[in-house]
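Engineer: One letter stands for each residue in the lines below.
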Amino acid sequence: MNRFAFGLAFVLAAAASAWAQNQPTQEQLIQNKAKKLAEPFYTKAPWISDYDKAREEARKSGKLIFTYFTRSYAG
Amino acid sequence: MERGALSDEAFPKFAEKYVVFMHITTRIEGEKYDKLLSEKGGTGFPYLAYLDADGNVIAKHEGQRTVDGFETTAGKAREFLELKKKAEGGDKAARIDLLKKQIEFRHFDSLEAKKRVEAMADLDEATKKDLLEKIVALKIYEILGTITADKATRAAAGKKYNEMRLAGEIPNGERELQYFWMFILEYAESIKDVKLYEDGVKAVEAAFGAKANYKRWIDQIKQKLETLKANDREH
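Chains A and B, in that order, give the protein sequences. The first sequence runs 1 to 75 under the numbering used here. The second sequence runs 1 to 235 under the numbering used here.
None of these hints come from the bench; they were simulated from the model. Remember, it's a predicted structure, so these values are computed and weren't measured experimentally. All residues carry an ideal CB built from backbone N, CA and C; glycine is no exception. Treat the hints with caution; some may be incorrect.
[Stated by the list, open to error] For the chain B half of the interface with chain A, some residues (derived, Cβ under 10 Å), not all of them:
id	residue
1	Ala15
2	Glu31
3	Gly63
4	Phe108
[As the list claims (entries may be wrong)] To give an idea of the chain B side of the interface with chain A (calculated C-beta under 7 Å), a few residues:
id	residue
5	Pro12
6	Phe21
7	Met22
8	Arg27
9	Tyr33
10	Ala49
11	Tyr50
12	Phe105
Please work from the sequences and hints to get the whole structure.
Structural biologist: This is the structure:
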């Protein structure tokens, strides 16, 4: 079985109460996002973090969009 | 990932050939596209996919997270675009394969997917069944995407999964079946429906009982069933 899927299922099951107790503030979430955008790897390639801009760039250039989905809320 | 393939010395060269887009799920209130991960078929991090200029997923990266691996998946993305061309040219097999991939990649919702399947009047029964099963999987994820930290949304999802069950829409993928029963069981517990809970436990045992890594979950729900039965007898 997909270990990740099973893990996710249990995370979903347990997350609600844990979230209520450990919710970061909006200010922290904004800081976390800024921190992510300052990661060294991000500066080494022409990354775009805006979905509209990425599609616009793909339309203009005819290139495919390589998408890396990540998160910043966990710090 | 970020210190691995994305920091590889070959990555900047790779990045010249594609639009490299990083989507961050932030949970910042009002953040545009914050739910893009689930909309594009992601269920966890990191998730890598190729999109076309309209934002449709055209290939999901499932192999090695290396620059070479990314190139292999880019090949699959190009194959998708070729398939689309063939389908638009009227090739029947390509039209069917394209629709399967579009459902899998969530290019439209389950209602639209169903309409498109119904519109393909010349489908044989086996192909139609296969497509409808993919739509059931799509519905599972649409409902899963409505769940938030609010407990009420979990029960609501379980209720919808139970409606699917009553309509005979049972997913056949392992992951989808797991979500399906997990939330039906939560729903049954929330409305104290012992019979539904018991049916769910039996179904989970039938589907996953032979797999050792499900033992803990099965033991937990069996124990809960006994508690529900005891509480039911008391009232």
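Engineer: Under 7 Å is the threshold here; is the Cβ of Arg27 of chain B close enough to any Cβ of chain A for the hint to stand?
Structural biologist: holds, 4 Å
Engineer: Against chain A, run the beta carbon of Ala15 of chain B and see if the smallest gap drops under 10 Å.
Structural biologist: holds, 4 Å
Engineer: Under 7 Å, Cβ to Cβ, is where Phe105 of chain B needs to be relative to chain A, so tell me if that hint holds or is violated.
Structural biologist: Since the shortest Cβ distance to chain A is 12 Å, the answer is violated.
Engineer: Would you check whether Tyr50 of chain B satisfies its interface hint, that is, whether its CB is within less than 7 Å of any CB in chain A?
Structural biologist: holds, 5 Å
Engineer: Would you check whether Glu31 of chain B satisfies its interface hint, that is, whether its CB is within less than 10 Å of any CB in chain A?
Structural biologist: Result: holds, 8 Å to nearest chain A Cβ.
Engineer: Would the hint on Pro12 of chain B be counted as holding, given a Cβ-Cβ threshold of 7 Å to chain A?
Structural biologist: holds, 5 Å
Engineer: Given Phe108 of chain B was flagged as interface, is its beta-carbon under 10 Å from a beta-carbon of chain A?
Structural biologist: violated, 18 Å
Engineer: Grab the minimum C-beta distance from Ala49 of chain B to chain A and call the hint holds if it beats 7 Å, violated otherwise.
Structural biologist: Check passed: Cβ of Ala49 of chain B comes within 5 Å of chain A, closer than 7 Å.
Engineer: Against chain A, run the beta carbon of Phe21 of chain B and see if the smallest gap drops under 7 Å.
Structural biologist: Because about 4 Å separates Phe21 of chain B from the closest Cβ in chain A, which is inside the 7 Å limit, the hint holds.
Engineer: Using 10 Å as the Cβ threshold, decide whether Gly63 of chain B counts as touching chain A.
Structural biologist: violated, 14 Å
Engineer: Holds or violated: is there a CB of chain A closer than 7 Å to the CB of Met22 of chain B?
Structural biologist: At about 5 Å, which falls below the 7 Å cut-off, the nearest Cβ of chain A leaves the hint on Met22 of chain B intact, so it holds.
Engineer: Once the shortest beta carbon distance from Tyr33 of chain B to chain A is found, is it less than 7 Å?
Structural biologist: At about 5 Å, which falls below the 7 Å cut-off, the nearest Cβ of chain A leaves the hint on Tyr33 of chain B intact, so it holds.
Checked against the numbered hints given earlier, this structure breaks hints 3, 4 and 12; the rest are met.
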